Amino acid sequence: MARPFTPKVITANALLEGDAIWLTADDQWTRVMSEAELIEDEAHGDLRMLFAASQAHVVVGPYLADAKAGENGPEPVHFRENFRTTGPSNYAHGKQVEL
Amino acid sequence: MYHYNDFDQDFVQERVSQFRAQVERRIDGSLTEDEFRPLRLMNGLYLQLHAYMLRVAIPYGTVRPDQMRMLATLAEKWDKGYGHFTTRQNIQYNWPKLADVPDMLDALASVGMHAIQTSGNTIRNVTADHFAGAAADEIADPRPVAELLRQWSMDHPQFQFLPRKFKIAITGSPNDRAVTKAHDIGLRMVEKNGEPGYEVVVGGGLGRTPMVGKVIRDFLPQADLLPYVEAVVSVWNILGRRDNKYKARIKITVHEHGIDKIRELVEEEFAQIRPQFTGVDQALLANIQSQFTTPTFRTAPVEGYLAERDANPAFRSWSDTNLSDHKAPGYAIVSVSLKRHGATPGDASADQMRVLADLAETYGHGDLRISHEQNVILPHVHKSDLPAIYAALRDADLHTANIGLISDIIACPGMDYCALATARAIPVAQEIATRFDELKLEHEIGALKIKISGCINACGHHHVGHIGILGLDRAGVENYQITLGGDGTETAVIGQRAGPGFAYDQIVPAIERLITAYLELRTDEEETFLEAYKRLGVAPFKTALYPEEKANAA
Ligand code: HEM
Ligand code: SF4
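Residue numbers (numbering that gives the first Met the number 0), protein chains in the order written: chain C, 0 to 98; chain W, 0 to 553.
The following block holds chain W by itself, in its conformation from the complex (with noise of 0.2 Å):
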């Protein structure tokens, strides 16, 4: 597992006393907001609607088990209890008190971890597929990268005053679990004749101008990435548009330039800077690469796991579920659901982050990840573990089988906590799970993504959602959009508009409506929604969500 060397350690210490300081002069008085908020926004510090929000980094999403006890101390010492996780792979705090975010900050930094670049207009958390090092479809583990574009980018003297924020994500899989085509840089590992490298996309983005990315480069050898990486974020940091924050973005950039032009000035800026990268960074690599040592895997029967399978209808639909093939024989990943039907998504209190490292310790080669979806998972497990594991995590009321079905939603947290929302996001994925779990509908649906967001910032991945909802204020009043067949996996596409939004009470009867026709239109139970939706394209489900227009029409 990776630790911080001395440098990162001392650096992200100076970084909580420089804040501490910063905080007592706003405290006294002598520095006034405008001057402050620049400061505390650097350090993860936002203000929201109901209180302050602290936004601490999940570096691609790995957690160590005495990190995730931090965050539960935080959680329990400053905030009310519980933490919330997001689909950047961060964990957001949504009560601290400001005296208190340098001791919170300290507390972290004694486990490595900080809320650097967790805001503002820099690279942000890079994140990663939350089964890397575990998967069986992987070619490699992307996390060694992921860490290294973490130190690259770390108060990178040129990359701390973008024309915007700038996320990358990366996947050492073929099926892409990281959302790499929606971020600004995605990475997906690939080999080439033996030789390991990357496919490179750029400008894809949500927010209010979603879009796919681009491939700019098919094939990048390994050793070429930091100095490629770089070319492409200063062409956008001279490129880029800082007259209007909504086209500071690269996506735009990408759109107005066309990826041709993109790609020529990457690559006349690549040839400039490959000679300064003498190979320090692939050896640094290197040293990385070997604190991510895949764990000592064990062989065991995994006849009681069978066992309780066959004894246990409640295990078995878990099973069936929260598992994930994993590389090693014997062994399964277990994504672990913070979606019990009713709850706020990525919620898990002290008690049950605690629960979560425990199991991690006791079975878990001591890896947890957080992944972009909000839940929560043990990579490596030996299937005859599973069994106590399910235990311990109804004991925690952490069993809910709902993995990838249609209660396993993305909702963020809108109106409830965020100040930049225009509805709430929250209390409408509370309500769809609790109503598709009533009508005991949820396992016969089957693959379903829902996805919410409180505005159009699409901080929820409403676009990349089978079914996005968007919510808006109309007239001072909640009003929900729906979009259609988006998908955030490597054939990503962003959904398409149904029609006009719906009041707050009639947006879960208009859901339940689509999924009512789906479940008349599919051919056989085998067909998920979205390709339903692909073949039989929009019009049967915009009847079923707007019947009386149809009526009208008549």
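Next comes chain C alone, as it looks inside the complex (with noise of 0.2 Å):
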């Protein structure tokens, strides 16, 4: 049986910086993840992979990544998107000081 489908958002490291990028309901690549297309729905999530892999121009490796709704936009499952979201932890850089 297959397993039912959870949220999900679609990332990836941007081709000239290589931080982590998330896709937008509008086909732009974001660098806020709240700012995501939370995908709710299998067969949509298998469309925007195929527009998330005709853009390798821009991103590189991008990949499915579970998420769920929060107050401002999609936020994090997993605790190595957490840390995409923000950067590294040992030292106040990256993403959480950058936006």
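Just so you know, these hints were derived from the structure itself, not from any lab. Possibly wrong hints are sitting among the right ones.
[Said to hold, decoys possible] Calculated pairs, EDC-like style, for lysine to aspartate or glutamate (alpha carbon to alpha carbon, straight line, at most 16 Å):
no., chain 1, residue 1, chain 2, residue 2
1, W, K191, W, D154
2, W, K96, C, E97
3, W, K96, C, E16
4, W, K79, C, E16
5, W, K533, W, D523
6, W, K76, W, D102
7, W, K326, W, D136
8, W, K79, C, E97
Just so it is clear, the structure is predicted and the values come from calculations on it, not from any experiment.
Take the two lone chains, each set in its own frame, and fit them into one complex as the hints suggest.
Pasting the structure below:
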């Protein structure tokens, strides 16, 4: 039996800077996860991955990451994705100070 | 000090121009990521969690002051002002932008440095004892041989597409500071009837299947080294498993076929290729050797040093922990700690790198080393200069007196940077160091090695830590497994798993219970943690780690 689909966002690394980026509903790549499109339907997710794969000139390694709806938009579920929204935890740098 | 010859210099420069064109083609879209990825990895460029990462080779951990200053310039100009020194004696930059990397590589090439073969299935940076050429216990300086191996392996046509990465480490001392038994090939310089040679160990390694290497030859004459090493790599190149990357390392090949079979095949191959080595390699070695001359050591009184020890307890404490015995009278080896309590192990700022370069130039015969324990070494320092060196280190916040103690922790980048990580490693090291500094127990605990990895790849050497910590992902939560009794020296042992892992907020208290138990169990202050563990076995330490279980069982 197929596992039920849980909400996702599409994320990748930016080609030029290498930092974490997310796909928005209007086909943009954002540095801020809460602006990402929360995908709640598997078939739609497949379509959006096809779009992401066509973006090889701006992004590297797009994938679907688990997410949940938060007050201001999608939020990470897994701690790895959480670090990707903030930057490393040993110094205050990366996204937590840049954005 | 070794300088590249014209051939090396041209080769490195040529590679940078090639890579510059490849980066341009990736950015303008004519190369896909699939096409570009192997090309960038061949030039030490990874893509990590938050940014690209450039890994620069520091062959056998030896750097000149001008090179160290260039490493500082890279940190300042193209990164966030610091670099990260690793267990493979490399330096990694965590934040370069793709378009800047060719400029970084050009800058490195101008001082004879590069990032070639710091990634990929090739022979990687050859590592060596960081006290090479200075240690009191040394038979011979292993670096000329390491340099010979570097030249032989660099761009070696047969060894660019090996089944997996291949790591060689070499030591010239009976006390192994290069973890030779955890490398694909470990070389230990030995003497037999006055003749110099090597004990050759193969099939060591950490990662998901940790193994201590096995002796394949107990004495290899010096002149046979290159053909013999070439025979080992060739045998594995053919036999090594390419069907499964987790089984591709030579340790698995040795394990599956047995050391006796491998020895037989290597000897056969060796007999075949030995005649091709007509002695050119030995002429080359002699030439390299002439560039690794021992500095002219001076004789000077050490009273000033002794007086400062008496007058300044902080200086005395630092010299007790951070100095090692030098072969020349009146000299010392200084280990500069990059493990200030609470700091990221292995990080050095651009300013700190410059201070170290200046110190090496003024007081250290222009020699600097990076240790696999993520510290920087000034190998040749006259004791009369130590008070001045200490003062300069203090001004640069580099004077932490903790070499070999509980806060001198190896930690891989872990989940804070590494795309492969399953948990963080650096913050755990930061918290352990801070905790035991606050408890003021560090010096009382004495010699202890804690090593932390953020995943099973074991870049932080946790398997050979007296206390090893492995970060895992348990259902989306960081979890830390402890191993005990590991040893990375000439008496190498892989540590034993102590039991179930600990949550992030439980790992430091668990380490504290372990240490408290040790302090209660040891016979006296002389007995180290590792000795106590060997004497008592795992049981009392398990009890300390898992007190509830014992209570439940009662
Ligand atoms: C952050 C980028 C890094 C990546 C992607 C990476 C990747 C890996 C992988 C895949 C392995 C397992 C190899 C195997 O056993 O087949 C490994 C092992 C190892 N790495 Fe790293 N690593 C990284 C950083 C580091 C750092 C920072 C260090 C030094 C602190 C390091 C030193 C080592 C060492 C010593 C091993 C031991 C395993 C062995 O060769 O037996 N690596 N690494
Ligand atoms: S041990 Fe794992 S987490 Fe740490 S650097 Fe190596 S690959 Fe990354």
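Hint-by-hint comparison with the structure:
1. K191/W / D154/W: The given pair, whose Cα atoms are some 33 Å apart, is violated under the 16 Å limit.
2. K96/W / E97/C: holds, 15 Å
3. K96/W / E16/C: Holds, at roughly 5 Å.
4. K79/W / E16/C: holds, 13 Å
5. K533/W / D523/W: Answer holds: K533/W to D523/W is near 15 Å, not above 16 Å.
6. K76/W / D102/W: holds, 10 Å
7. K326/W / D136/W: holds, 7 Å
8. K79/W / E97/C: Holds - the C-alpha atoms of E97/C and K79/W are around 12 Å apart, at most 16 Å.
In summary, the structure is inconsistent with hint 1 from the numbered list given earlier, while agreeing with all the others.
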